[in-house]
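K.L.:
Sequence:
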Amino acid sequence: MDKIYNEKACDIADTTRRQFLKISCIGLLGSMVPFRNTWAAIDMDYHEQVAALGHLKPYDKPLLKFSKLNESTDFEIEALILKDISGRSDLIQKVKSRLGDDPDIRFSMDSLKVRLLFVPEIRANYAESYERFCRNITSFIFGKVNIPDFYSQLVTPMLEYPEIKDDGVSAFMVHQLAKEYVATCKFSNVSGDHVRYRIKGAAFSNHLGAVDLNIDNPEDGSFKLNRGNYTIWQNRVQNPYMLFVVPVEETLHYILGPYTDRTIHTELDDLSAASVSQVKTLAQDWMMVEEAIVGGLISLIIDEYSRKYQKDLPTVQIRQHFAEMRNIPQYKYRFNGIKLVRDLGIDRSYEMYREDPMEFKKMVLQA
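Position one of the sequence shown corresponds to residue 7 (the working numbering), numbered consecutively onward.
25 Å max Cα-Cα, derived BS3-like pairs, lysine-lysine: (1) Lys171 x Lys230; (2) Lys119 x Lys100; (3) Lys230 x Lys286; (4) Lys74 x Lys230; (5) Lys206 x Lys67; (6) Lys192 x Lys286; (7) Lys206 x Lys89.
Cβ pair distances, simulated, as ranges: (8) Arg360 x Lys63: 39 to 45 Å; (9) Pro64 x Asp275: 44 to 50 Å; (10) Gln290 x Pro154: 25 to 31 Å; (11) Asn245 x Pro335: 18 to 24 Å; (12) Lys100 x Lys63: 38 to 44 Å.
Think of the hints as simulated: they come from the structure by calculation, not from any bench. Ideal Cβ placement from N, Cα and C applies to all residues, glycine included.
Sequences and hints are given; from them, build the entire structure.
P.N.:
Here it is in structure tokens:
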């Protein structure tokens, strides 16, 4: 993640928080007047414009607020904070001066609030082409699996705090996504002494798109799973062909997610008193299975879409990219999933996961 700013850590009083997990931001500019630069008209098919979009020079202003500062557990931000703390010798020395030179000082995050920010796509022709492609490819997917279109909007926001529809799923296409954060970090020693610091900062996100699985743990001890009702797709990419992948991947997560969540609920019912860490581990394991079928379906769907529209989309590069991701923990089973789905085909893979995710998991582990 590229940092936008970092504030010096400061002492704060004790705080508490409600447990909230999320499995997968600088209000510096205030309100901005919406605008778009109108590029000269380009005589290109919209698929070609999408491919060209990935090669254009990126920019990082204006930076607009997408959401309020909300309590969250954002793994990307948590990793950034841990990395920052490990390199902050001044903060480490301050902690040691308060807790003593104990080699077993422990770190935990008492609270984390995150605000999403975005850089809008101001190049009108390219924004319109990407919107058109996203509508076309998602409509194609809904037709393949024979379910209604659940997107209430697929839009390129130009104003702060874009409206999120109450019904369906809202998809927002932006140039860049950023996150502002305020974290309460706790350091403690074996004697039970502790000190808390508040850390503030902001950074651009590396996530091109995401469908979060939220696990809410109310005071009664029950766990509730839900998928967010919006998704943000950014078009600043290192690999231009990923622009074709993001709307396919995130749509598949929304389609397959209910079957994953149903299975997690079933396994939770078999646990007499699951802890937060157990639920988190179970959810992460099933998200790796979901990533496996999603990875397998992506290239087959784009292949069929390419044949229908007679377009030469970069499916070879997509397969190669997914193969290279096999060492990333969340994509542990993705390479197996690509092989399995290729053998089963789109229809049989989807039907199997819809009816019996556990059977699909067994086959993925054996692939």
